[in-house]
Amino acid sequence: MLRVSTNRCPHSQPAGKRVNTLNTDLLLKLEFPSNPELLCAVRGAMERLTERMGFSERECRSVTRAVDEAVTNIIRHAYKGQPNHPIVLTCYRLPKAAGSELAQGMEIVLEDQGEPPDPGRLRGRSPDEIKPGGLGLHYIRESMDVVEFSSSGGTNHLRLVRCLRSENTIRGS
Amino acid sequence: MQISVRRIDKTAILELKGSIDLASSPAVRKILLHELRESRTPRVILNLEKVKYIDSSGVASLVEGLRASRDIGSRLLLFGLSPVVREVLQLSRLLKIFEIYENEQQALSA
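In order, the protein sequences belong to chains H and W. Residue 92 is where the first sequence starts when you use my numbering, and the numbers rise one by one after that. Residue 818 is where the second sequence starts when you use my numbering, and the numbers rise one by one after that.
Simulated from the structure, these hints should not be mistaken for lab results.
20 Å max Cα-Cα, derived EDC-like pairs, lysine to aspartate or glutamate:
hint: 1; chain 1: W; residue 1: Lys869; chain 2: H; residue 2: Glu150
hint: 2; chain 1: W; residue 1: Lys847; chain 2: H; residue 2: Glu128
hint: 3; chain 1: W; residue 1: Lys869; chain 2: H; residue 2: Glu138
hint: 4; chain 1: H; residue 1: Lys171; chain 2: H; residue 2: Glu128
hint: 5; chain 1: W; residue 1: Lys869; chain 2: H; residue 2: Glu142
hint: 6; chain 1: H; residue 1: Lys171; chain 2: H; residue 2: Glu202
hint: 7; chain 1: H; residue 1: Lys120; chain 2: H; residue 2: Glu138
hint: 8; chain 1: W; residue 1: Lys869; chain 2: H; residue 2: Glu128
hint: 9; chain 1: W; residue 1: Lys869; chain 2: H; residue 2: Glu148
hint: 10; chain 1: W; residue 1: Lys834; chain 2: H; residue 2: Glu128
hint: 11; chain 1: W; residue 1: Lys827; chain 2: W; residue 2: Asp888
hint: 12; chain 1: W; residue 1: Lys913; chain 2: W; residue 2: Asp888
hint: 13; chain 1: W; residue 1: Lys867; chain 2: H; residue 2: Glu138
hint: 14; chain 1: W; residue 1: Lys827; chain 2: W; residue 2: Glu921
Model the full assembly from the supplied sequences, consistent with the hints where possible.
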């Protein structure tokens, strides 16, 4: 498993473990084909959901951008730009982790049946390089507290976690 | 995404409206590079006032346009960046790379 996580969030998983969700508190599940025209619908859903969760306006944009970029990467790289291949986006509410100030959050899992990414490409590139391309992963890493990738049984799993900061509280919890 | 082109003397002003994402960035890239590489327009100005979202593929198109403009000795200028677009360019550390102005008049006078 390839993992990028920061110390800001307690919801990363032990290295080497297959990407599994930590929670079954389902918030949203979308199944859609790898059609770029549907990206706007995915962004719309994520904007509304993150607002509902109580993220700040900036955080909503940030999480939505990360998901948009992740789906874009699946379409471009896993499915080589071909439409009509399946993508599944599932969002869960994460509970407060014991002993953590950064408690609740949102877990997003993206699944596809495309080609697994080249590990070298997953390292991304520095945004200091002025050249087109390669920025999507940088945006994802900047936006999310945990970024974990794994592939098993012909399915790629990307797990993203964003914690709510202490000043925010998940609405409806 | 809607794209229209206006011309003032030797300047082309590209008016972009909507979201620049994987679905629309190829069209933006094509028109931008056509202005620079084929038409060899000395100055190309992008009006981003009505762009509500831009992703990494859109940013990549802008960077490619910037490189093309430098290659042929023309200029690529941007104006009307919304907070959302500005945030993405800042995240990409590209705010200082582009010539950015508040409005069309400033861009035309630059």
